[in-house]
Each structure stands twice: as structure tokens, then as C-alpha cells.
Amino acid sequence: MTYQTAVEAALLDVRDLRTEFRTKSGTVTAVDGVSFVIEAGERIAVVGESGSGKSAMAMSLLRLLAYPGQVVGGEILLNGRDLGRMTEKQLTSIRGREVGTVFQDPMSSLDPVMRVSGQMIAPIMRNLGLSRAQARAEAVKWLDKVGIPDAERRIEAFPFEMSDGMRQRVMIAMALSCKPRLVIADEPTTALDVTIQAQIVELLKDLTSEAGAAMLFITHDLGLVARFAHRVAVMYAGRIVEFGPVGEIFRAPRHPYIQSLLATIPGVGNHGQDRLPQIPGTPPDMRHPPKGCAFKERCLGAHARCHDEAPTLSLRDTAHSAACWLPAGLEKQMLAATVPTPKAMPLAKASRERQRTVIEINNLHKHFVSSPVFAPSRRTVVRAVNGIKLRVRKGDTLGIVGESGCGKSTVARLLLGLDAPTEGEIFIEGLVQMVFQDPASSFNPKMKVSALIEEPLAVKALGNKVERLARVTELLTQVGLDDTCLDRYPHQLSGGQRQRVDIARALALNPSVVVADEPTSALDVSVRAQIINLLSDLKAELGISFVFIAHDLLTVRYISDHIAVMYLGEIVEYGPADEVFDRPAHPYTRALSDAVPIPDPAVEKLRTNAPLRGELPSPLDLPKGCPFSSRCPMVTARCREEKPMLHEYRKIRQVACHYAD
Amino acid sequence: MADQSTEFLAPRSTGWRMSMSGFAKSGLLGNFKARIALAIFVPILTLTAFAPLLPIQAPLETNLFAMMKPPSIEHIFGTDKMGRDIVSRTLSGIKVSLFVGFSVALIALAFGIVLGTLAGFFGGMLDRIIMTVVDIFLAFPSLLLAIGLVAVMGTGLVPVIMAISLADVPRFIRLQRSMVLSLRSRAFIDAARTVKASQYWLMTRHIVPDTVAPMLVAGSITAANAILIEASLSFLGLGIMPPAPSLGNIIRDGQAYLEQAWWISTLPGRVILMIAVGLHFLSDGVRELLDPRSRS
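Protein chains in written order, with my numbering: chain H, 1428 to 2088; chain Z, 36 to 331.
Treat the hints with care, as some may be off.
[Claimed, not checked] So the derived list for chain Z, only partly shown, Cβ under 8 Å to chain H, looks like this:
#, residue
1, Arg221
2, Ala222
3, Ala227
4, Arg228
5, Thr229
6, Val230
7, Trp236
8, Asp245
Worth flagging that the hints you see were computed from the coordinates, not collected in a lab. Backbone N, C-alpha and C define an ideal beta-carbon position, used for all residues, glycine too.
Taking the hints into account, I'd like the entire structure generated from these sequences.
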């Protein structure tokens, strides 16, 4: 009965969609029989890890797949017309006009040598049948709507003259300007900072509901889903494994995958001493589609039937369906069993030992000076790090957070001695090592794992070949890998394994401090918890101090003892992690923590989403008074004139704001 | 997530050492273009190596009773105006050509890799000096430069090799430097620097091994070019001096008799073409083998 009405009202009705990538090394089944319905004005989120087929699915809808991908089966009905049977020419009239698209990386989806006007006006003229002048006015109106200041002038800008956030706004304006009925947004905020992400999400939400357009929103961020979606489709290994209203999915998930995934996220409740539950293993290789349920190897509830027969999506509630043989998925106590027990109990170090300072940074500055050869007078100075002071004690973890461009990665490079400070001192007791963001690029692709981990030992000429190999094997065990990895090349490992190898390499020389720059941001959500657990194990086992740099505030909060919030090269707030997050004293910290989407729709509904306005000012042209004064919601005349110093706040904290108390 | 796409771009197999050992087995024979190159070079190299054992006249031996004979069973490519056997002279000329080609490629690779790495890695004044000299050399067409240098150094095998190398080294320096510049900023160099690896270590363990493959491709194209330039110099009378045969001067010998005895120039000319084509196929094959994106 409900089904019947749904079909009639459906804006988009996808039935049994199949997409394959026929590569030379075999056929990859990217989308394996996906069916769903989007009704007019509805926001549907598609969540899944990389390789789950979520992007391939979205691209299949408009036949935008890159070679060698092709749709091999199913129907895509938009208002009852099958897009799959349309000619390329008919589809072109649908794209943009009826279905708008916003992609992840606006720099590559905008034409870099064409002004914004050139890219916006022509489609509006064609799709809405307006004259050039009318289309231009329409384009300016939309740019204004998406929050581009001075739209009349900025429409003549080139994409490279805009920031990432601005470019994504332009993309949204382009997608919405032809008044589409459906917007497909493929990870539209993944490349953006958390504060900008919050702005863009609000914008998409407001503008689509204003225009009555439906939206298909693809993401891997469960927090965004909670903030944004009406209904959620969870994809795993090319199939939808759970589909339902957002509240239901988060309150009572039925599929073990999403149940475990929700449990792995360092959330509001489970920070501190607890370990994160983790999903063992990695997603299946879609070149060899698994027999039976694709999730069975990683599922605690797997039983004989799961190995023979793949479950199909079946109704659990009025509007909630899941693809699992267990009617309610995993039980609570089973989920608890996914929390791994720590390998070793934390060493009970004497408290005096723990008090020892291992990193001391005083008045650290790093300025990048550039002076054009032909105009030395036009010398510009970027103050990437502008006078910071920090202490890290033995065995402690310091989290550094801030938007990109705030100088946090420069601090990491200075700590490691990769760059020399312009001014100030860094004292480090023992050795600092680094865990990199993207181990795919921090490994020489032509070296095997054994050689990669051995390299630090070989550089220092420690031991002979045999002894070094023994040490490499020991390190691999320590990070949870076995010696079958030794002879592999980095590209033959999964993302999680590569990050473990990177950690093993960092540990090779027994460092006292490990700097980790976004160590989990390149990883899949289900693997992230494994790495976070590993890092906290190592911290407890080896008494290493960590400096943890990330933009994922929930992770930073989970792993850190202290947190330093950086803004434009300066620390604006410092203190114990929970204190800083629960009771932020600086308006910027408050804005940051407000911007983080919490994976719980009930919590999200209660929050006031007033995202931080504006963007990071250019570091070439810093505001005179408080660096945050240009974006601060509580700014006063004093802030614009007088720069607040970092001062003590409630004994254990420090904050740089005139009005902290 | 975002980096997954790069995973496909990351070199599929290799490791320089591994690719070399696996090369002969699966590589060269498995690649279509490399197979063509082998089909050209195996017979040519075999014939050249065993030329003294073949039942043909020695390259310098004249036979006044068989002058300007067209191709026949005894003289497959015919004979020239002094009754010398063209096949024998061609085989001997090939030896010269290949020697010149590979010497030039080796010299250009050696200097290119060393100077290019130094310039790219250290930058600054050293880079500026090296690159200024390179740019001056690059301003001249290589044949013209080679002619000029031969004019200064004199003719003969060694001056020809030196002249052609000098014209080719600058290109190799530029190529190597550009690769070093992009490798230098990669995260794995930073990773090695965090353990205080020396500059020498970075260059020999990370940078040079990662540039060898493309340099080899460039080297095989340069060998083909060098063979053509040597032939051109000899044709102009500036290279290998008669009576010693080289493909260039055999063609020069036949040029005056093109109407009466077309075979003198034409057949050695074909051989030059074959060698050049073969080397280009070889370089294409090597590039495809070392480039993960074009591999199955």
C-alpha cells in the first residue's frame, strides 16, 4: 500500500542498478543490484567507505562514469522516464536542467581557464531560455545566495582567484541555478575545513529546501548524515545493506556493519580511558565478489547461512530495511565484545617520571619571506607560526587543532627539524619521529616494507643486516602485522596496513616523541578505530609522548590529554582536552566544536547551527588586533585595536581572549 | 578515501632491482613493441657479431672484376665502385653505428644523472651555474653543434662520440633535474630526513633509483639519434673517415652513382632506418614495461 503511493510520487526510482568496471585485471562489480526511491524534496544520504560503490552508484545515475565503468543492468526512472535508455543527447538535457551535481573537488570540476561568468551563464541561458543579460542577473543572484560577497564583481573571477570554500559555493550556485529537481552531491565537503564544511552543509540544506529540490548526498562522515539527511542508505561492497529514516538508523541500527561503525566513532560518550570498539579486517576486494554476505568475515554474528547465501534487503519496520539474516543485527553484548582488550596494562610510571617535560617550545616563529626578483621592495612575509610556547610532558599526548593554514603542520615540521625556525627555541629530550598523513606518499614506492622499516636503522648503521631484520620483525609484531608483509611493496598493502607500517618505521629508533600529522584522515572509517587503538596502546606500553595534529576534533579529543587550538600561527586556547571541548573559553574553539557534526541526529537537532561566518584572513594581511576579530561573533572595538595575549585561565588552562571571563 | 585513486597510479610492480630481474622473463617478451625491437636487433646483432665467419668478402677487400654489381647470390647487397662487398661493409658499419649509439647514450646518462641530480637536489648557485651552461648548449641544434665540435676536435670515432655526447648531455641534465625537483618535495624524502639521513643517502637510495627508468627510456631514444647524427657526419665527410666503413660514408660513396647503382646507398640506408625504428620501439617497450598505468 505504501509502496504503491511511493512509486507514484517518486522523483527518482532506481531499480536493481548494476555497474561494473571492466579493467584488464578483472571485472570489478562496483554496484551490485541497488534499488531505492527518492521522493520530491527529500534528502537522502548514501554512506559507505571508499570502494563501497557509493560514488560509482551516483555517477551511474547520470551516466557520468569514467571509462571503464559501465552500467550493466537495472532501471533509473526519473519522473517515470528511464535514464538508462536515453541517448547521450537526451541525457545532456537532463544533466544540469533536472539533475544538478556538486562534486568533491571544485578545483577540478571548474574550468581553470574560464571565468565563473563563462561557466555559469551559458547553462542558465540554455536551460531556462533566458537572454544573456537575464542569465547573468540570475547567476549573480545565485552567487549572492550562496554567500559570495560582492557577487556582481566576483562573477568575473577565475576559479584560482577563489578559496576552496568559495569555489564550492560557486559549484553549488551552478548546480542550483537551473532549478533542478534533484541535486547529486558527491562528498561536497570532504576537501574543506570543518568550519567551512558547516557553512556549506547549512547552505545546501537551506537552498534545496527553499527550492523544493531533492538531494542525494554521498559521504563517509556519519556526523554529517545525522546533521543533514532525512533518510540514509548504507552501502557496503556494492550493495545497500541498510536503508531507513535517519533517526531510526542511528537509534536502532539493524545491520552489524553500521552497528559496529557507529560504535567505532570516538563520540560524545566514549572518550577518555575506554578503548574504541573496532571492526576487524578490511572491506572485500570487489574483483572477487564474496560468496554469501560480503560482511561475514568482519561480523561477530556470522553463522553458516551467511557463508552460503547473501541476505537481501528486507523490511524491519514500516520504513526501515536491512540486509542481514539476524532480525536485529548484533546484540548489545556482542558489540561490546568488539572492544579489543589492551595488549599490555599501562606501565604504572612513578608520577615524578610523568612530570618530566620532553618537549619545550619557547617563542617559536616561522616566517616565510618571498621577495620578487624584479621588485625586491614588494617583499611579503607569511607568519606561519607566530610566537608559540608549549610544553609536553612524558607520556602525554598533545593535540593540535585548527583550520588548514593555521600553522599546525609547520609546527610539526619545526619539531622534526625539517625546517629551521626563524626565531625561538625547541628543546626535545630524546628523539622525535613522525607518522605521516598519507603513507601512500611517505613511502618510496620502489622499496619493500622490510627496507622501509629498516631504513632508519640502516641510516644510523645500527647492528648488522640480520639484527636489523630481527628488529624489523619485532616492530611489525608490535604494530599488529606479521612477517608476511616484509616482502610486499606499499601499494600491495591496504590503507590501514600502510599506516601500521608507517608507525613501525616511526618506532624503529625508540623515539621519545612521535608527531602524528593527520594519521587517520586518509583511512576508512572502519579502519580508523584500529589505528587509534594502536596509537593509544603504544602510548601506554612505551611511554611515548605524542603530538597529534588533526582536523577531526572528535578523534583529537579522544586521544589527547591536552589540546592546543591554533589560529593564524598562534595558540588561542590551551588546556586539558575535555575541559577545552566541553567548556571552550575562546570563541574560536567554541565555533570549531560547534562545527563538528555529531553522529547522533537527536543531539544534532538540539544544537544551534550558527556556523562561523567568513574565512581565514590572508596570512599576508593579518588583522591588527585580535587575529580572530574578523570572524568573531562577539567582537568589540577593543578586539580590533588591542591584541589579547595568551593568559592563564582557571588555573590549568590558557586562553587568548579579552572576554574569556 | 581521497587517496584511493592514487593507489592505482602508484607503481604496480616494480622496485628497480625487481623489475630488472623480472624483465627478461615476463617483460621484454611479453610486450608487443619490445618484441618488434627484439625481432630487429637479434638478427642484426648476430650477423654483425659473426660477420668475420660469414662466407663474404672482408669489408676492405676490393675486387676489380666485380665493380658495381647489382645484388646477387654472392653479393646480396651488390658491390660498390671498387668491387667491395656492400653486405660486409654494412655489417662493419653497423658495428660502428651501434658503438657510437650506445657510447653516447651511456655518456649522456652518466653525466646527465650526476649533474642533473646535483643541480636539482642542491639548487642555489650550483644549479644556476649548471643550468646556464646547459641552456647555452641547448640553444644549438644538436647536429649543428656536433659539426662545430668535430670541426674543432677533428674527425674519427672518438671525436665523433665526444661531439655527439656533448650535444646530448644537456638534455639529460634537464630531464634528470626536473625529475629530481619533483621527487625532492615528496613526503618520503621528508620521512628519510626525520631520521637524519645524509644528503648522499637521500640521493643514492631514494632519488636516483626512482629516476633511472625514465632516463633509460630517454637513453634508448638518444642512441637512435646518435646513430643518425653519426651517419650524417660521416655522410658529410666529418665523421668516420674512409676507407673504414660506416653507414654514413657508404651512403656517401653511393650517392654519386645513385642512377647506375642504386643499391650502394639505398640498402645501408634501409639498415639505418631499421636500427632507428628498432631503438624507438625498444624505448616504447621499456617505457610501457616500467609504467604501471599501461600494464595489464
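We went through each hint and held it up to the structure:
1. Arg221: holds, 6 Å
2. Ala222: Cβ of alanine 222 (chain Z) sits 4 Å from chain H, so the hint holds.
3. Ala227: holds, 6 Å
4. Arg228: holds, 6 Å
5. Thr229: This interface hint holds because 5 Å falls under the 8 Å limit.
6. Val230: holds, 4 Å
7. Trp236: holds, 6 Å
8. Asp245: Aspartate 245 (chain Z) check passes; min Cβ-Cβ to chain H is 6 Å, inside 8 Å.
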